[in-house]
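*Asks:* So the protein sequences, as listed, match chains A and B.
Counting from 1, one number per residue, gives the positions in the first sequence under the numbering used here.
Counting from 1001, one number per residue, gives the positions in the second sequence under the numbering used here.
What the hints contain is simulated information worked out from the structure, not anything from laboratory work.
Bear in mind the structure is a predicted one, so any value in this text is a computation, not a measurement.
Heads up, the beta-carbon is just placed ideally off N, CA and C, and yes, glycines get one too.
Among the clues, some could well be false.
[To be verified] Here are some, though not all, of the chain A residues that point toward chain B, as calculated from beta-carbon distances under 7 Å:
1. Arg88
2. His92
3. Gly95
4. Gln429
5. Phe430
6. Phe433
7. Glu437
8. Ala440
9. Gln441
10. Ala451
11. Arg452
12. His455
13. His458
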Amino acid sequence: MTRRLWHFHGGLRLEGHKAMSMHEPITDAPLPQRVVLPLSQHIGAPAEPEVEVGQRVLKGQRIARATEYVSAPVHATTSGTVVAVGERTVPHPSGLPAPCIVIEADGKDEWIERQPVRDYESLDPSALRNVIREAGIVGLGGAGFPSFIKLNPGPDKVVDLLILNGAECEPYITCDAMLMQEHPRRIIDGLLVMRHALQAKHCIIAIEDNKKVAHTVLVNALQEHEAEFIEVVQIPTIYPTGGEKQLIKILTGREVPSHGLPIDIGMVVHNVATAAAVNDAIHEGTPLIERIVTVTGEAVDRPRNLNVRIGTPFSTLLKSAEWREDDTDEVLMGGPMMGFAVPDLDVPVVKTTNCLLARPRNQPHRQPAMPCIRCGQCATVCPALLLPQQLYWYAHARNFDRVQDYHLFDCIECGCCAYVCPSHIPLVQFYRFAKTEIWAQERQKEKADRARRRHEWHLERLERKKREEEERRRRKKEMLRKSRAAGDRGKQAEIEAALARVKAKKAAQQAPRNTDNLTEAQKQAIAAVEARRQRLQQGDDGES
Amino acid sequence: MLAAILVLTVLALLFGLLLGYASVRYKVEGDPIVDQIDAILPQTQCGQCGYPGCRPYAEAIAKGEAEINRCPPGGEAVIQQLADLLGREPIPLDAERGEAKEEPTVVVIDETQCIGCTLCIQACPVDAIIGAPKQMHTVIREECTGCNLCIPPCPVDCIHIVPLEEDISTWRWPEPRIDLEQPAETLEESA
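All chains, please: the whole structure from these sequences, using the hints.
*Replies:* In structure tokens, the structure reads:
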């Protein structure tokens, strides 16, 4: 069955350099003594550690959880002891450190209890997505977007077509090709799970026509399944046909809108390795703890594909590919077109590390850049239908508004323009520079807005405090005034009461109390005393 | 003659009413130019411009009371944007107001020296310092605008300025440097 194919604009026919790393079957890389697991190996919020230093962990145990929707958990990739939770250098063009969990392996490689899903078809798609989310699966093609999100079409969206991307268009990289050759069943079973989660009507596995073996193997493997809704399609080898939007264009002739997603036109694209990881998560209960990495380039003597535990240092892999360190100019993570030079080779393999490319010293050096002659070759090859010379112009002039008018953010950084540029201008670097600069400006703007709001709240708070203080003072004054008014009356009454008490006391003194029940003699004695007192008083009065 | 006067009077009344109604119906709250200026200012709230915050400075610019070159944290970029907005010529930064900042900074409190006097908390324009009397204070890094207003009141000088370090999420690709002179010369020579 042949399917009608379309073309995307531009693109390049590049020399593949793929055969060199396909002589040997995929081999397991040596178990590292120490694994470094970055908390952010995906697009979205970093995972939050849930282990402590000194804690023993088992292989496959979740050690960091996803706290936000766009995020992915991280699992221990071997059994051992957590020796550090902190900053380590990670594979990133900046060479900057990022939070990681470091596990010292105990060599036992002891699994945690795994719970495969017995009958995934009886599971609700959302439950299935949750299993995939918990397995920490992200897009293994390169970007590392959490896969469960791309398996969630959202309400009232129908997925007409699920595409498995086995194009692997970039030179040197062969990890997907080898996976398809050696594990076709895992891919197909994973595809069936994905299809169930998406309720997709039709599925295509797209393979470039330079991977004849992979194609044949997958077609044969499919014959065992009764799945007439899955189609294996050979596509022409044109770089970058593995780009999501380019692949959709080739297979269906349709274009994903600018700033849109494939789901907007009823399509979803996943990498073949992601499908295999989904299969492992569902049918074996295995989280994403290893991946296949192509270790290749002219500076290694034994280029091949290794099945690597995530967290293994790059240097370990290079050594097992018989790397000639002295002869190495630079090591790229990713391919020659879209990869970046790794500043530090002790960084760990992460979920998105598909290839290590060691480039030798004797290669012709990049020629110095010359002025743009506006030949337009870049625009001819641009697969995103952009005007690279204009983007360069405005990025160079730091005119970031204009550069966005020319749809900078539709650029997939495939590098075709820089490859054909007769002036050897590092065009992609300009686009990357402009993109991160625009993001920085946006962040700054956001921060300024937040500072403005906080300052407003601050002023409001001061105002409120002042108001409250005034109110308190006013109330106190009033109370004082009130109490004084009430107090005047009260004091008078008190004085009166005291006077009355004194008067009563005096009155009581004038009438002695012990005058009851007296004998006649006592009465006479008292009378005598009273008479004498009277007399004395009168005498005193007379004297004075 | 009379008819003409009548017609004109009626027309004048009619348009007067219309304008009056429009001014009530389409009344703009606040001063939009102040908002636009305020949106350009960096919101550091540092007061280096001589006004108690970015908005008062924006209001002063809008009224024509202040020049557009009094914002050191904003530097050349802000002056340029203000000049574009207001249709004025960009002028160099007023040196009396301070020097433009090359890199963003924040402050940190040396917590071993902090005596918990709360003076810095009162000085912070964005409430980015937390603490209580006789309790250690600390700066919320994400909210600090780098205005440095908290530094003078500190009686033990335990607040320090540090550059806001980049991490992976804020890292920017360096601008590619193209040394065009060399090839240009060779081109000329060959020509």
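*Asks:* Against this structure, judge whether each hint is valid.
*Replies:* Verification of the hints:
1. Among the interface hints, the one on Arg88/A is violated; its C-beta lies about 12 Å from the nearest C-beta in chain B, farther than the 7 Å criterion.
2. Satisfaction of the interface hint for His92/A is found here, the shortest Cβ-Cβ separation to chain B being roughly 5 Å, below the 7 Å cut-off.
3. Among the interface hints, the one on Gly95/A is violated; its C-beta lies about 9 Å from the nearest C-beta in chain B, farther than the 7 Å criterion.
4. The beta carbon of Gln429/A is positioned within 7 Å of a beta carbon in chain B (closest approach about 4 Å), and the interface hint is therefore held.
5. About 6 Å separates the beta-carbon of Phe430/A from the nearest beta-carbon of chain B, less than 7 Å, and the hint is met.
6. Given the 7 Å rule on beta carbons, the hint for Phe433/A holds: about 4 Å separates it from the nearest Cβ of chain B.
7. Interface hint at Glu437/A: satisfied, since its Cβ lies 6 Å from the closest Cβ of chain B, which is below the 7 Å cut-off.
8. Against a cut-off of 7 Å between C-beta atoms, the interface hint on Ala440/A holds, since the closest Cβ of chain B lies about 5 Å away.
9. At about 10 Å, the closest approach between the beta carbon of Gln441/A and any beta carbon in chain B exceeds 7 Å, and the interface hint on this residue is violated.
10. The restraint placing Ala451/A at the interface with chain B holds, with a minimum CB-CB distance near 4 Å, inside the 7 Å limit.
11. Contact between Arg452/A and chain B, as hinted, is supported at the beta carbon level, the nearest pair being about 5 Å apart and thus within 7 Å.
12. At about 5 Å, the closest approach between the beta carbon of His455/A and any beta carbon in chain B falls short of 7 Å, and the interface hint on this residue holds.
13. The restraint placing His458/A at the interface with chain B holds, with a minimum CB-CB distance near 5 Å, inside the 7 Å limit.
Hints 1, 3, 9, counting from the list given before, are not met by this structure.
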